[in-house]
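2 protein chains.
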Amino acid sequence: MSVDLLVQKIKEKSNPSVAGLDPQISYVPQYIREKAYKEYGKTLKGACEAIWEYNKGLIDALYDVVPAVKPQSAFYEMYGLEGEALLHKTIQYAKEKGLYIILDVKRNDIGTTAAAYSKAYLGKTDIDGEEVEALGIDCVTVNPFPGTDGVKPFIDDCKLYDKSIFVLAKMSNPSSGEIQDLITDSGEHVYEKIAKYIDTWNSDTIGKSGYGAVGAVVGATYPEQAQVLRKLMPKSYFLVPGYGAQGGGAEGVKPCFNSDGLGAIVNSSRGIMCAYKKGDWKEEQFAEAARKEAIRMKEDLNSVL
Amino acid sequence: MSVDLLVQKIKEKSNPSVAGLDPQISYVPQYIREKAYKEYGKTLKGACEAIWEYNKGLIDALYDVVPAVKPQSAFYEMYGLEGEALLHKTIQYAKEKGLYIILDVKRNDIGTTAAAYSKAYLGKTDIDGEEVEALGIDCVTVNPFPGTDGVKPFIDDCKLYDKSIFVLAKMSNPSSGEIQDLITDSGEHVYEKIAKYIDTWNSDTIGKSGYGAVGAVVGATYPEQAQVLRKLMPKSYFLVPGYGAQGGGAEGVKPCFNSDGLGAIVNSSRGIMCAYKKGDWKEEQFAEAARKEAIRMKEDLNSVL
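If you're matching them up, the sequences are chains B and Y in order.
Take the first sequence: its position 43, counting from 1, is numbered 42 in numbering that gives the first Met the number 0, and each next residue is one higher.
Take the second sequence: its position 52, counting from 1, is numbered 51 in numbering that gives the first Met the number 0, and each next residue is one higher.
Straight-line alpha carbon distances no greater than 30 Å define the calculated DSS-like cross-link-like pairs of lysine-lysine that follow:
1. B/Lys-151 / Y/Lys-41
2. B/Lys-88 / Y/Lys-123
3. Y/Lys-44 / B/Lys-123
4. Y/Lys-44 / B/Lys-158
5. Y/Lys-297 / Y/Lys-10
6. Y/Lys-297 / Y/Lys-230
7. B/Lys-88 / Y/Lys-88
8. B/Lys-44 / B/Lys-277
9. Y/Lys-151 / B/Lys-41
10. Y/Lys-88 / B/Lys-44
11. Y/Lys-123 / B/Lys-44
Think of the hints as simulated: they come from the structure by calculation, not from any bench.
Bound-form chain B, shown alone (with noise of 0.2 Å):
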């Protein structure tokens, strides 16, 4: 199973965490913005042309502290095609390196769409009896808000393909609440129905690892939430948002791990990314301080586990 090569590479590097790569174009340097203006202009191709020097030169410098990357889908959708392009080509990149691939796209559908967004990101594209990879990724968000049959076509592409998902129970986003901790006449919250259908998805999944494919994304801003779910899914991996510029710190995401240590992957986008913007880091050091930010976040996160 595809997340047993997730747990491999956490444990290589003794790193549960991901680098989230959500370029926004501010986040990059001003002088790597300057030089691709000066080629392409202030375009959609002069933005992505900065965007993946800068990538590039974070995932340089990430690749061997880091087990995965999670490039967040809407800040390359953003720049059309051409950012399109530029999520190909920085996954490309990033799978040569080694790093397991999560592609933040939280899609949802009824079931044969739900299908189709899985051929595109987990499975392949059956062309009259042709089957193409599309993108050929290891894992992708899903949101659960269309039930069993809108989750279940994913599942499908995990056992075929060898992949793995992380379904959306508890966001980090202050607003998640309005419809997540809704109490249902049972007396569980909404985010508790999701789990029990998440451990129940995930239950013919499990690999060597004692986890299966299929993962929750838990907020490290609701530590106690946190603690309730990981009872009720505990063979699911968590992918959990929240660490860092979203407020969470090392103890907010403990809950989140099982007492093995293991249990969790904890994301830091804006954190690593833009180290460079805090101390007296220079602009073409963006990559130095990323992986400097990289390196303190794994131990802060192994000084609690």
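Using the hints provided, position chain Y relative to the given structure of chain B.
Just chain Y, lined up with the frame of chain B:
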């Protein structure tokens, strides 16, 4: 408000329906596929060439019958970068024919990321002061699972750039109830809670038509729930999937409309796209068959309004 434009187009064509463009390769007539494969092979490029000719034929046959088209992003994403280019080309062509474009993407994320998604489709991407339109369509579908701060960036762009959105309230698929039908401690279903949010979000976006920029997705397959939702969101347009192939008929979608005969736009994808597969049509008549089915559907809907 962009929704006024939709209402105007619906009135002009006396047709409250939208043609879904969900082009599975098996929908495309054999002779079109063979021609494309001969030139490009059974590749992503070959598939997209075939689908392009199919989409173009459909748009040519439908643009004076239907007010809007709804491409489903999944069926383009599954062809990778070629599919993204096909989606852009299809949208551009439909725009030139005067059609209102509803892109079914069901995007969702926390605030800053939701803003990036909104820029990708509705708003403009800021490149150091240059505002560039990455795609620039009329309307997208949005998943409300992250709550208000995940939806607000889309609404901000609706106001700024005169666009509209449809937020998932009650989906058409069999398992949609697993989360959406949960009963909360106030006695209301989750879909009712969402409806109240949508009504609130919509309240300061009301246009001349009496409808606002924040509509709702309400499945044709659940007419009882639709009746409740119609009352909770009187000023929201409904995007109604599930007519025809998914089982809902004209009587089933009636509760989605207001007493003025407005308030809903009903989607048909496979029913229109694959009309040539029913009856005595030749493959070469796929566009004519689609047009005939679109006209039949229009008359069917008007018969109950």
